[in-house]
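Asker: Given the coordinates of chain A, assemble chains B, C, D and E onto it according to the supplied hints.
Chains as they are written, first to last, in the working numbering: chain A, 62 to 712; chain B, 382 to 587; chain C, 1141 to 1640; chain D, -16 to 87; chain E, 86 to 557.
If you're looking for bench data, these hints aren't it; they were derived computationally from the structure.
These figures come from a predicted structure and were not determined experimentally.
Be careful, since some hints might not be right.
Residues of chain E placed beyond 12 Å of chain D at every Cβ, according to the derived structure [stated by the list, open to error]:
1. E237
2. K241
3. S339
4. S523
Lysine to any residue pairs mimicking SDA-like chemistry, simulated, CA-CA at most 20 Å apart [to be verified]:
5. A/K644 with A/Y626
6. C/K1298 with A/K688
7. C/K1511 with A/A83
8. D/K42 with E/F269
9. B/K482 with D/E80
10. A/K87 with C/I1521
11. A/K66 with A/K134
12. C/K1593 with C/I1521
13. E/K95 with B/E544
14. A/K688 with B/K482
15. D/K42 with B/P514
16. A/K451 with A/K688
17. A/K610 with A/C380
18. E/K232 with D/D78
19. A/K653 with C/K1441
20. A/K66 with A/V126
21. D/K42 with B/D480
22. D/K75 with B/P514
23. D/K36 with B/I527
24. A/K632 with A/T383
25. A/K645 with C/V1566
26. C/K1441 with A/K134
27. A/K526 with A/L465
28. C/K1511 with A/L465
29. A/K87 with C/K1511
Think of the CB as a built atom: it goes at the ideal place given N, C-alpha and C, for glycine as much as any other residue.
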Amino acid sequence: MLDTKYIALIPLLPLITFFVIALFGKNYFPKYCGLLGTVSLVASLILSATVAYQYFFVAGQVNGVYQPIIAFKYAWLQFSQNISIDMGIILDPISVMMIIVVTFVSTMVHIYSLGYMHDDPRRATFFSFLSLFTFSMLGLVLSSNIFQIYMFWELVGVSSYLLIGFYYDRPSAVAAAKKAFIVTRFADLGFLVGILILAFYSGTLDFQTLIYRLTNNTDSLQNICAASFMGVSALTWGLVLVFMGGAGKSAMFPLHVWLPDAMEGPTPVSALIHAATMVVAGVYLVARLFPVFSYCPAALDVVMYVGAFSSLFAAIVACTQTDIKRVLAYSTMSQIGYMMFALGVARYGGESGLGYMAAMFHLFTHAMFKALLFLGAGAVIHYVHSNEMKDMGGLRKLMPVTHLTFLIACLAIAGIPPFAGFFSKEEILTAAFNHNKIIFGVAVLTAAITAFYMFRLFFSIFYNKEYKPHEHDDHGHDTHTPHGEAPFSMLGPLLILGICSIAAGFIPFGHLVTSDGKPLETEFHLGFAAGPVILALISIVLAFVLYRKQSAVPDRISNALKGIYRAAYRKFYIDEVYLFITKKLIFNLVGKPAAWIDKNIVNGAINTSATVTENLSETLRPVQSGKLQQYAIYFFAGVLLFAVLFIYLWV
Amino acid sequence: MNSLQFIVIAANKIIFLTASTIIFYILAAIVLGGGLLAVTSRKIFRSAIYLLFSLIGIAGLYFYMNYEFIAAVQIVVYVGGIVVLIIFSIFLTHEAGADMKRPAWTRIIFAALAALFGFALVMMLVRDNEFYPSGAPAVDAGAGSIGSQMLSTTEHGYILPFEVVSMLLLAAMIGCIVIAIKSRTPGTETADNQSRRDAFGTTDNL
Amino acid sequence: MTNLTILILVPLLTAIAVLLCRNAEQVKWTSLIGSLSQLGLSLMLLVSYMNERAAGNKAQMLFQQKCSWYSAMNIEYFVGVDGISVAMILLTAFVVFTGVLISWKVGTLTKEFFFLLLLLSVGAYGFFISLDLFTLFFFLEVAVIPKFLLIAIWGSGKKEYSAMKLALMLMGGSALVLLGMLCVYFNTDDGSGNHTWNMLAISQMHLPMDVQRFAFPLMFLGFGVFTAIFPFHTWAPDGHSSAPTAASMFLAGISMKLGGYGCLRAATYLMPEGAQEYSGWIIGLSTIAIIYGSFATMMQKDLKYINAYSSVSHCGFVLLGIGMLTKTAITGAVMQMVSHGVMTALFFAAIGMIYERTHTRQVEQLGGLLKTIPFLGTVFIIAGLCSLGLPGLSGFVAEMTVFMGSWERADAFHRFATILACASIVVTAVYILRAVGQALMGPVGNEHYLHLKDAGWNERLASIALIAAILAIGMAPFWLNNLISPDTQIIMDNISRAAL
Amino acid sequence: MNNIGLEHILFVSIALFFIGCYGFMTRRNLITMLMSVELVLNSVNINFIAFNKYLFAGKLDGVFFTIFIITIAAAEAAVAIAIIINLYRHYKSIDVEDADQMRF
Amino acid sequence: MSLDFFILMKQELFLTLIIFVLLTLKVVDGIKKNPTVIHFTNFLLLVNFILGFLGNKEGELFSGMFHTNGILAVEKSILNLGTLIISMQAFDWLKDHKHVYEFYILLLCTLLGMFFMISSNNFLMFYLGLELSSIPLAALVNFDLGKLRSSEGAVKMILSSAFASGIMLFGISILYGTTGTLNFSEMQPYLTGNKLQLLGFIFIFSGFAFKLSSVPFHLWTADVYEGAPVSVTSYLSVISKGSVVFVLVSVLYSLFRNWEGVWYNVLFFSIVLTITVGNLFAIRQYNIKRFLAFSSITQVGYILLGMTAGNAMGTTSSIYFMIVYVFSNLGAFGVIALVSTQTGKESINDLKGFYANNRSLSWVMALSLFSLAGIPPTAGFFGKMFLVTAGAAKGNFILVGIAVLNMVISLYYYLRVVKAIFVDKNENPLPKLNGSMSLNIALIICVLGVLAVGFASGSFEYIHSLVAQAPP
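Okay, chain A solo, but in the shape it has when bound (with noise of 0.2 Å):
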């Protein structure tokens, strides 16, 4: 067993950083919140890279099985007798491959962001936020406890509101915040009740006692099964919910509406967050109740679908995008998909697990090449101030840092060899044709799209057409002539992500990460992963033709297919229906009658009540004339009515 007291240590300095920033950074050391934050963020690294070293290659291996490891953990809030949330540390594959690219990545960005948010007045705000979110984003991937996983999911929720809204006097950037927020949410809600079904029949919220009850032939599995509503067994149901939470977190359709709106941060939250690490918790988070899932196809073959379809979906729309940023965006969900399909078509254990084991390589080498995709676009947009193609172009010269590292980033994830995407991406085909012909097909249809849209997007950042500088402020940056290429600090992350993205793919991760952690012999078919590789080079050549020289041919082709162009266009209308669904039919079906009815019926009673009063009172009023032979009448008449009622009606 290795020593465990100081992996606590990984997820806690950041939130110590965030703390003493978020209280005394603004006032006392606004210089140097970055490099306070950077260097807390580089020792965790390295205590992770350590405890990574440790796991893998000292203590993990129990007889040549990955055991998961439980750091440490104590009841955080006892529930009942045997139901309690826990805050705990687990230690097992992919949770330590997590942490490795969450400290890594967020370093890189930390490093980029001292560049990035030189001139920014509040970066002690950016940096604070920063730490809050891997700290929350590293609390996650150690979560024991499916319901401690369940508050950083909401953790890092929040810190990727924060930081979308991050300029928060842009109503366009507050507005993207709060659709991230409330439609994760509401995902979420989905998560929640996932969670207390589980928890019901399990009768635990530990994750290791919760799989193995429901895995293992124990009378909580039988009872899950047993049970089911609407013809659905409360497995699949409470799986499906928990998945549902997963979606909304990875953007997958249909919730995936926030993702590309969400680029309204600044850009390297963009690359941390909504590329690298956030958005495929919900991969995470189906590996992490893998075992638990293979138990149930049904809920894998909506998890392999869902993925799927958003991963043609997303590649379709980022062909018709201009914002860069909205370009990487789609590309992200589309390869999101690629793991969520490819977790669905796993199965646990043995061969049949290749997928899952792609699904996490896939995350590993995604993580590298998006943030360095998304890097790149920040130095880009840093340079032009502007996220829109048609103010780019001809940056080649200008900034040839970039423009290499950016291809190395497109190749990768157009998954020509020998570059990262490659590997995963061949993995993942595989599993995919091992399991099911059709989702085969979309994903080599996929892959070759994506190597579309990358390449368009690359030349017209890099050809296309001389750049012009131009007067155009969108950062509220203020705007000056064209400078140098970005700063050092912008450019190493760059030249080091690219390296990764070249090197990750030779990981042999398939003796690391695997379903059942027995390591997993992958055999490589030359003629296999032929076949997408070429298509794929078809497809850059293609884009070549069409982008590499200003031409009217693009837009004709747009023209030509005018009604699925626009459609695409407009990410096929997804946002409007949900603006329908919210703005007309929530907000005017419930929200105002209930508050009308709270007006006017329930208070009104209310007032009624004392309106009544009021009038009888008034009725009565001429009982009282003031004249004495009315108050005798009255007087004389009682006495009668008196003797009448009590001598003979009510004895």
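Answerer: Same frame as chain A, but now just chains B, C, D and E:
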């Protein structure tokens, strides 16, 4: 039944219709008639006089039940006191001759109905009710015995009520004086002069 | 600190001292010192309570004091605390202390204001510690008049209407409570044939079923009016929004909790069978309150109305938890009382401070405040996040506990109610974020907002104290949980005993 | 007179009582209302005397009660008339309908 | 004349003594200055009040014409205290009134009447006491000699009370006719409950109800209260009402105890009517005296509610509430007396912004009103609570429910006045009023009473013990 029996019964009735009975009916007629007229007559002075008759009739009833003392008190206090007081106040408010305004018909009808109903109710109850005489020998109700009992502190002594009622009379006297006295305070000057003039005026008319 | 009577005396004496003060400054400082020492006392109470428990004292109520008051009617001054009351007392102390701080700038009739505020707190403290039904009711009603005056004199908007409405509806509620109490009282029998008001004694005797059938709804509804049970919640929005800041803090923070506490301690605990009989109704009403309250909130434009309606929705969780009749849910209800108390106090404080500066509470007239008054903006955001149940802040813990507890009821009806309640957290997010987005973010709404002064020392102190409390609950809920769950267990035992 | 029973006399008194009530309710003149009250009191007197005479001749309770009633009636009448006169000074009228300054 | 005579009748005798002393002083014109007279009388009343607690014992005098015991003596002392407070509050009004002697003589005569009525064990004494306590009162109502409303009120009072006592007498005569005696304890066994006797009871009860001004026999109340001088109004609303309450309790519980079933229904009916109608009228009053008149009608409803218990609890709570009521109502009336004597204003609207210049007076007023509304921590809360509890003893929760819900309405109109005083804006509020020393002392006594009587359970316990050992 044959006619003979009928005649016999009728004869009996006529024979037993003795003087006292007749007296009672006369008295009752005086009392009730006087009362009715007193509460219906439109001329206030007349209704005072009718009241007088009615009260005298009541005194007569007391005689009839041979409580002479009470009858005497009745005549002295009511006839000699209250009615005179009332008549004086009528003069003071100089409405002796004037017709009183007629009350609203609805009120008259309602009051009449209510009174009749009440009368019927009480009368019915009294008829149905069984009165139990104590059967104790009648004691002397002469002035002497009443006087001595009134002032005795022993069993059936009425000294305490006597004292209390004397306090009451004292209080009433003081109250009347305070209220009816011609106040000299400037605050009520005008009203008083007014009323004094009216009062004298009335007495002159008399 | 084991002498509970001190808890009543300190604020009382402070109030009297306030009356004797010469000028406004003296008044403020006196009441500040008084409330601060009260806060200290409550903390000491917490400590000594925990020590007692740690020392293994198993008595249901600790630090009992009992002396006969109206022996002719068996009315006793009988006080004692269990974990729940301790938590409530702590909450009250916090809210009153911060309330005093917040209302530092009360312009008119300072003396009267603080006097009434302290009097109000006397009522709350007494209510939470008293174990005798009569005394309980006494303290419940003590609070009515100060509320009325505070709102009617220092309030804003249609204050007179709101104050009158609040006073009357709460009076109506306590009238129902009174009826229920009497019905209970006359059906008790302390062995020697006398009736008793002693709650501990009553909880041990099974009241006849028909009595409970009659008395429970009266009592529950009566107390429910205090915690804004649907459809008797309409006093809350108007009252909260018209009240001065401190009063709103107290109203939403404590007064509504009086109701919840009463529902638990007086209604459910004393009449478990009744509780089971009517739990369906309770759940139905509270679910309606939760959902409908949150949707009504979505339509509000006035910050205070937003928070007021959301309080209705949040207090729905309290009643839901009680109605579910599972130990976890009831624990969650109590946690929700505490957490919502602190949270809503912070919220109203923030709103009040903003209103003090901008003189408007209409969200569309505000905007960009986060830039101009960052501290207040942050406070507001933290309150908002707490209200939408962000982990690490108090709201999350409480609501999740309620959900967990509610989910233990496995039949369709309870499941349905629970899921609806869960759904409300989405709506909560919607309205909170709308408010935050419109009021704090976006372009600055009005150029004179640019020269607003940020929070002063008193406001900072108050906000930080409340935030500290929120974090203390949110980050380390176990102490609160361990504090109250044994006593909810006792209540639960009573209920399940009734089930047999 | 053996056939003049208690009931005959009670008939008279009860009738007188309700006549008095009727008068009190209908007469618009304060003084006549006072008279009606006197009628009522007298009917009560008759009652007492009659009961005392026919049923409880052993004691004189009724008789004494009557005496006191008469006395009190006198006092009452005196005060009432004093007040009426005082009122008359203000209103110049003793019509009861005018005395409705205070109402509702 | 044994010593017993002096001990048992000590309060009545001392009161008579006071009356005659005043009479003599008036005749020989002993004291010229009004204030001296007032203080002198107040002192004597104080002595009499204390006398009420010394050497009480149970006993009968004049063959049952007069009987007394501890609780009766306490009741008398309560009335005595109330009269004392009222006369202290009347200082500002009386100090230049030219009939101060007469005022006191009449006042004390009515008080004497109430004493006799309370300790009467005989319908004759009861009737005499009743008249003695009401006829001079009519004269007192007329004591604002200049004022038209005063004499109008007096007329209304004397005529309607004469009518009422006429009807009551008729009832008494019926009971006499059916039982052959006037002595309560002798009459009690003969009350077999045949219909005629019930009729008599109804007539008698309506007489009581008239004095208590319970609906529908209440209509005279508001007008008379409004017309009378403030001090007399407070006397009417507290003392004379209180005395009738005491008598009614003892009559119902001792004389008519066989008919509990009957009079419970009767009370039920009149309680519901009284509380509701009283509230409905009070809602829309603007003259503060009329307002208090209707509020006092409602209070009577609650007292009757307490009586329905029919046991020691009922008696105790009613008597206890009378103590509370004395303090609370007189507190309010004291303020009104000051306002109306110094500014002549009697409308609630005139009280708007009263708090601006008269802090302490406003608080006195507010406290008294809260106490009347039954809001803790004032004594009124306890009073109301015990009445309601007593009322619930029979388990009739419809009745209690109606009563309790009516508390809400009553809270509304009390708060209306409070709102006028504290909240409403008024460009020219009433100036600062400073009352005489004796008025202030009286107010202080009231406030202390309102605050203390509730918390200190002593008075309640004392009364309860007395009731327990000797029911009135």
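Asker: Tell me if the straight-line CA distance from A/K66 to A/V126 falls inside 20 Å.
Answerer: Roughly 23 Å between the alpha carbons, so the hint for A/K66 and A/V126 is violated.
Asker: Between D/K42 and E/F269, does the CA-CA distance stay at or below 20 Å?
Answerer: holds (16 Å)
Asker: Decide if the proposed pair is consistent with the structure: C/K1511 and A/A83, CA atoms, cutoff 20 Å inclusive.
Answerer: Distance ~16 Å between C/K1511 and A/A83 Cα, so the pair holds.
Asker: A/K87 and C/I1521 were given as a pair; does the straight-line alpha-carbon distance stay at or below 20 Å?
Answerer: Satisfied, since the Cα-Cα distance of roughly 18 Å is no more than 20 Å.
Asker: Given the hinted pair D/K42 and B/D480, is their alpha-carbon gap at most 20 Å?
Answerer: violated (47 Å)
Asker: So is E/S523 really clear of chain D, every C-beta pair being over 12 Å apart?
Answerer: Label holds. Min Cβ-Cβ 29 Å, cutoff 12 Å.
Asker: Are the Cα positions of A/K632 and A/T383 separated by 20 Å at most?
Answerer: Given pair A/K632, A/T383 holds - Cα atoms ~12 Å apart, limit 20 Å.
Asker: Verify the proposed pairing of B/K482 with D/E80, using a straight-line Cα cut of 20 Å.
Answerer: Holds: B/K482 and D/E80 sit about 10 Å apart, inside 20 Å.
Asker: Verify the proposed pairing of D/K42 with B/P514, using a straight-line Cα cut of 20 Å.
Answerer: Between D/K42 and B/P514 the Cα gap is close to 12 Å, so the pair holds against 20 Å.
Asker: Between the alpha carbons of A/K451 and A/K688, is the straight-line distance 20 Å or under?
Answerer: violated (94 Å)
Asker: Need the status of pair A/K526, A/L465: alpha-carbon distance at most 20 Å?
Answerer: holds (18 Å)
Asker: Could you check that no beta carbon of chain D comes within 12 Å of the beta carbon of E/S339?
Answerer: holds (19 Å)
Checked against the numbered hints given earlier, this structure breaks hints 1, 2, 5, 6, 16, 20, 21, 22, 26, 28; the rest are met.
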